[in-house]
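*Asks:* Work the whole structure out from these sequences, hints included.
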Amino acid sequence: MSFVLTDEQQQFRDVVRRFLDDQFSTRDVRRLMEPRAGFDEAFWGKLNRDLGLAGIIIPEDYGGQGFGYAELGIVMEEMGRSLVCAPYLSSAVLAADAVLTLGSEADRETLLPGLADGSLRGCLASQDYSGPECPGGVTTATAAQGGVRLNGIKDFVIDGHTANLLLVVARSADGESGCYRVSDTASGLDRRCLTTLDPTRKLARLTLTDVPAVSLGTPGSLESPLQAILDRATVALAHEMVGGAEKMLYSAVDYACTRRQFGRLIGSFQAIKHKCADLLLEIELAKSAAYRAAVAIDQHETVASLTASIAKCTASEAYLHAAAECIQIHGGIGFTWDHDTHLWFKRAKASEVMFGDPSSHRARALALWSDAI
Amino acid sequence: MSFVLTDEQQQFRDVVRRFLDDQFSTRDVRRLMEPRAGFDEAFWGKLNRDLGLAGIIIPEDYGGQGFGYAELGIVMEEMGRSLVCAPYLSSAVLAADAVLTLGSEADRETLLPGLADGSLRGCLASQDYSGPECPGGVTTATAAQGGVRLNGIKDFVIDGHTANLLLVVARSADGESGCYRVSDTASGLDRRCLTTLDPTRKLARLTLTDVPAVSLGTPGSLESPLQAILDRATVALAHEMVGGAEKMLYSAVDYACTRRQFGRLIGSFQAIKHKCADLLLEIELAKSAAYRAAVAIDQHETVASLTASIAKCTASEAYLHAAAECIQIHGGIGFTWDHDTHLWFKRAKASEVMFGDPSSHRARALALWSDAI
Amino acid sequence: MTTQDEVRREVREWLQANWNPDLSLVAWRTLLAESGWGVPGWPRQWYGRDLPAALTPVVDEEFAAANAVGVAKTGIRMLAAATLLEHGSDDQKKAFLKRILTGEDTWCQLFSEPGSGSDLAGATTRADFDGERWIINGQKVWTTSAHHADYGLLLARTDWDVPKHQGLTYVVLDMKQQGVEVHQLKQMNGHASFNQVFFTDAVVPADRIVGQPGGGWQVAMTTLAHERRGADGLRGANRDSGLKGSIYDEERAEIATVMAPYKWYPQRAGRVDLVLPTAKALGRLNDPVAVQEIARLLILAKTAEWTARRARAAQAEGRPQGPEGSLGKLAASEVARLAARVHTLIQGDQALLAGDDGAVDGMIAEVLLSVPATSIAGGTDEIQRNIISERVLSMPREPRADGGPFREVPRN
Amino acid sequence: MTTQDEVRREVREWLQANWNPDLSLVAWRTLLAESGWGVPGWPRQWYGRDLPAALTPVVDEEFAAANAVGVAKTGIRMLAAATLLEHGSDDQKKAFLKRILTGEDTWCQLFSEPGSGSDLAGATTRADFDGERWIINGQKVWTTSAHHADYGLLLARTDWDVPKHQGLTYVVLDMKQQGVEVHQLKQMNGHASFNQVFFTDAVVPADRIVGQPGGGWQVAMTTLAHERRGADGLRGANRDSGLKGSIYDEERAEIATVMAPYKWYPQRAGRVDLVLPTAKALGRLNDPVAVQEIARLLILAKTAEWTARRARAAQAEGRPQGPEGSLGKLAASEVARLAARVHTLIQGDQALLAGDDGAVDGMIAEVLLSVPATSIAGGTDEIQRNIISERVLSMPREPRADGGPFREVPRN
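Chains as they are written, first to last, in our numbering: chain A, 161 to 533; chain B, 161 to 533; chain C, 497 to 908; chain D, 497 to 908.
By construction, these hints were calculated from the structure, which means they are not laboratory data.
Any given hint could turn out to be false.
As the list claims (entries may be wrong) - With the C-beta cut set under 8 Å, the calculated list includes, among others, these residues of chain A facing chain B:
1) 410
2) 411
3) 430
4) 431
Quick reminder that beta carbons are idealized off the backbone N, C-alpha and C, glycines included.
*Replies:* Set out below in structure tokens:
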């Protein structure tokens, strides 16, 4: 098991970073974080035409690049650093993995090429809405002529309001769970972009009322494969968070090395230096965890879920900590709207609870603990 | 409710501090921490002859000073600061309170004057031994000619091996709990001084085999009064811890203001200064909690248990933190046996789990939470 | 010595004779200022009655009992008043104090600059004397209420050839003049409560200097000490009497204007009050992990409150006001930070939702986006730790890198 | 280029021809040193075979397979060897390297002083040249194994009129001489693993200087870099082969002597290995609060291990050795501190019990009293944070207060 990027991987990172530095800036973030926006067709197209990023984990047979999670991790880290707003986690990670894992061969042939070239933008609606007035609500699939009808509310669906391929998890009357394709123009489908504290990544609520759907693969006991899909997405997210955390640290360090107070660069004060040293350690630990988790996926290790939980909780805390300290080191200016730091802070805060908060992942990690990691 | 010492209380503190500065040093601590020692008859006698400290909370009618927990808190803080080794918590706090709270008028008249002048050194054995081989063991009281016989093992009895008045909590066959007096020379009584990581305060294990005993007051449902006694002792301990914590902070500050490295006093480095500032805040918060808890006892407030828990968990964390940082700021020398810091560190560590660890007190505090504090 | 009962009788009689809810707000407050009952702790010569601090609560009680409106007491105006009382000339006191109390003038504080945040004494906004008036050029920032203030308390550099603390001068600046431009500054939580203020040849008459030229830093210290002590009257100013009548409406409007920029301050402080209710409602008190964190937070907030009370009680007994303000401020940062964590732990992914979708009307999300300001505004945590270690613990200062003529000090 | 298979064949053949468990330990190790197979990564000229680092594991494997004893590899001797290889004269290499490998000589490191702990370069132990030899006076401290060492690596001040880093000289000191006095130093955990060493006119011949007079700091940096890299071979040296035979007994005895002072190091590191077993045995895995803290600790320890492995892998690929040692050291402090907290949480009041009464044979109590050393020994956490911020993050140094002639630097 190697923790070090190969020269090829390092070159790949350089290519991705250069592309994002050229093509995406916080000016784009500010434009795309407006209500209901979320992504830019032109940029999404270029990302896929020039670098084929949407197809990273899709096998070459289906038009993808056939890479593993090590490479996906590199992409996610760079996207986290640049705070890319694009349906990447939703489509290239979650939806692509769902079709790969749950779909029939026909599903793969139909859907993967579109996901790989970015013409299909998928989303995976796995979480049921659970508000105070509707606790434990379950989305149901009922057999109907020529397919099934879905009823229920799915919540926190990443890019759910803009996706043109909707994959919805639902349960049939006999208790089997399945994953269903829903057309983005289906009747009975209501899609609402949620107001969240992180406008840089959009989440939607899908309300389904007798929505016609077709099954992806065969319904059955999907708990375990679905969990594995979410675990893999969690690892991808952890990489994104590590990239964001590093960006925050170096942004703080850069500022501290140019800002003077009391006749000195503030970066020469131990209060600032030691904060940054602690952050670096925390981020390095989280990065090791993210790399380790990617290796576990690529090697099909039995500890993949365990390492995913470790990666998620360490990345969550490192990112939030780095973003908060980045504001602190910038002082008042770091708290203003016009300064960019809050954009990452908001992404960090939202990512912290996405796919489970740190304490739930810590508890799961201990339950799964194994000396094999 | 006042949080500020009156002039009289301030003078009292000055008197106690001057006495301890004159009469007790870490040379004494080192002598008394030898196995089975624990206290010095001469010093104990002087403490009580000159200042009457053993009688602080004992009413004047019984030969005591009739003060409240505000004054007791002052004594404990100063003892914590000087790291006094004497049966004060065991006798002047726990045993005196037990006789006052549980004893009959005859018990009070018999025992309190001796406790007040220090000729009686009491201990309260409330906790049953609970080792892996004997989980949930209960000490029992069985009726016998002219009194009762006790059987069981009591653990973590403060000064239990040197006390000459032993008060033992036990349960009778009908489930009633009682508190019993046992002679220090009773047959069937085995007292063993435990080896603990804090040699500055001795804990004992009492093994009772058909030990003759007489009841203190009337057996009955003692859970609630016993808990109140322990709560009050917890507050006294919190004061001791606050005093110790302050001592640690100022010891660190003093050292940092004389030690030079890199051509500067190390106390001029932000790494050290900010550590000390944080400690001061933590200690001030713990001190406020200890004062508040003393007021709650003296005013017979219903929130006394709640404030006791708050005082204990804040004092535990502040003391341990201060002692650890005091070692850290001293560097290598602070880790040596010949340097005094470890004496307080050990007291801090042992006090942390005495009468319940911080997390159990936090949980209890929230369960008891009330806006009346 | 005056007793509590004497004061109570006196104020009650005065109110019986004079309180009239049908007066206009300014008319009533003018009467009040002249009587000395509006700020009884101030000197008799300046609208007060020289009453010791221990006796002023009696006056407040009687005003409350009579439903009588008091003088204007919120916002920077009270810092201006305290500073002028201590350092102002008699002419300045005459010109400004009464209108502060009547609420006719509002004030703002012009200290911070883009280049001097933690290092306030490094201000580079300049005041140059043209033989007659001071000409102001430069930029200030983080100025609450600058957009409607009549006057500003301005710290400006008048001498570049002396050490930095000695070259500053404190002046009262008329905000309603050409040469003063005010721009709003939006924060990451969406609110816009501060301003940037730009000066281009703005003018300050020679007699508007507070204290001596070059003595501005000492005067600013007075303003800041009052600010840390909470003399800006922001605590509890949101209570609404609910009384009906034009004078009450006028008072409410006046307070609403002053308080508008502070609407998000409770969220910035962490809204500890929401923790137990939301945890209960969501059944989170059954989770031992949440219980630990909630307890930790409530205990921290409560012990900080007790510590502040202890400091106030010590002051009330005449012991000197120390730098406890810094301890309190550091505690407040801890509380806010921990509160954000606890709210997230309680809410889980619901914490993400903001605005109308959000928990407690979006207040939780607003807390999460507001608390980062707590450890910065009014002096960063790092500055507070310097103050505590140097002034309470008497630890040595760091070696200075900003001594000598300010002109030569390295700066941004 | 040599391949793995070639090396494997070559060493196997050599062992078949030469390995003889009936030799005395020194006789065998002398043979081994002369063959170059004892330290194949060293230069051919000096008891090695110039083997690249990637190939040396093969040699270790073959030795293990043959149950062949290796050269002496633990303790300060390896730091001495690495330093001499890099900076020593040929005469010094001749005099010392072989006896290091045979285990005939043991070494100690004489850097720290009571007055210079974090600030190693502030050493004031003096070496004065009397025209022929260096005369040593002063005091060192924290010297592991000084009581049985044959030689010491001594950093001494030879010039007081130049800046502090330029006035130090690195010498090899014969410990078995008059004028060198060694006293044991007991720690707060009851162990006594360090020594104080006092020099009164101790003597060092002129040819025992390593590097140049005044160039001692650079040489000391080499020693410290190897120490931080863990080249002192303390990791895993406690494994006992369990083999029977006099040469194995001799090796065991040699290792036991060297390792004696390090007995409590696992406790100092926090004994993370004990956490899950004790928690399970006490049923604490049912407590969600304990679960959180245990998970936090195990995750911290595991990610620190992965990070160290990542750094080693990067080095193995030829990327430069960076200051990752400082990151690892800082992580180790965190692990130890958290481990102490977690052990206490798991044990409750049983954590109090020590010695025979204590949990896990008193190991838990020993952990609680040993972990405070982790964040101090080998450079405090504060020093590591300086190193990380300055050398990895390129943040500016603090303004120097110890420039100029050392004679004039304020010190203890």
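*Asks:* Hint by hint, say whether it matches the structure.
*Replies:* A quick look at each hint next to the structure:
no.: 1; hint: 410; verdict: 22 Å, violated
no.: 2; hint: 411; verdict: 22 Å, violated
no.: 3; hint: 430; verdict: 4 Å, holds
no.: 4; hint: 431; verdict: 4 Å, holds
Violated hints for the displayed structure, listed by number in ascending order: 1, 2.
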